[in-house]
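Engineer: Please model the complete structure; the sequences and the hints are all you need to start from.
Residue 152 in UniProt numbering sits at position 152 of the sequence shown, with consecutive numbering throughout.
Hints are supplied without guarantee of correctness; some may be wrong.
What the hints assert, rightly or not - In silico DSS-like cross-links for lysine-lysine, where the CA-CA straight-line distance does not exceed 30 Å:
1. K96 <-> K22
2. K21 <-> K96
3. K45 <-> K21
4. K110 <-> K62
5. K62 <-> K108
6. K25 <-> K2
7. K42 <-> K22
8. K62 <-> K18
9. K110 <-> K21
10. K114 <-> K18
11. K29 <-> K42
12. K45 <-> K29
13. K42 <-> K25
14. K45 <-> K2
15. K96 <-> K62
Derived by calculation from the structure, the hints in this document are not laboratory data.
Note that this is a predicted model, so its numbers are computed, not measured.
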Amino acid sequence: MKNEKYMSSGGLAFTEEKDMKKLSKMAEKGWVLHSFAPLGYKLRKSNPRHVVYSLDYHDVAKEDLEDYYDIFRAGGWQPVCSEGNMHIFSAPPGTKPIYTDGATRLEKYKRARKLLSKVTLILFAFTALCFLVNFLFIQDYTGLAGVISYIVQTLAIALFLPSLMTWAAFEVRIRRMASDLKHE
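Structural biologist: Have a look at this one:
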């Protein structure tokens, strides 16, 4: 569609600030954020807007989502899109930032890490199980069972490694922020 455009993400754990700035620049060109998309964002054609975007990580029950959004609306931030525990808001430039101090930003990333830790642990267990099954039961990868086992093991690794890298990025960010807060 000519009214929709895809914008890739560098991975929010790695390039959150860069992504939010790039989304703001796209809005100035008339492409506003509509929703999350696989490995990026879906933008829609609109009138050019001067907005800033901000991301919050918070696990909110569906029935509590409007109350959660109302808290941000009170601060001048409009909800744009949500996916799982990730929520992007927009506001006019100059609006007071969602996170104004290091301690609250640190809590934001701790919330993100908590959920990601569970996902990473599950993917690790699944990957380890695949390796164990292959080691104990699959002697030959030429038969149907071997080929299927190999494919499942490869998919498990393909899911686990990015999850582990993302978790590690959050962990490094959290440790740096905590260290910076101690030295303030």
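Engineer: All hints, please: hold or fail.
Structural biologist: Here is how each hint holds up against the structure:
no.	hint	verdict
1	K96 <-> K22	19 Å, holds
2	K21 <-> K96	16 Å, holds
3	K45 <-> K21	18 Å, holds
4	K110 <-> K62	21 Å, holds
5	K62 <-> K108	19 Å, holds
6	K25 <-> K2	19 Å, holds
7	K42 <-> K22	13 Å, holds
8	K62 <-> K18	29 Å, holds
9	K110 <-> K21	23 Å, holds
10	K114 <-> K18	23 Å, holds
11	K29 <-> K42	15 Å, holds
12	K45 <-> K29	9 Å, holds
13	K42 <-> K25	14 Å, holds
14	K45 <-> K2	8 Å, holds
15	K96 <-> K62	27 Å, holds
The structure meets every hint from the earlier list without exception.
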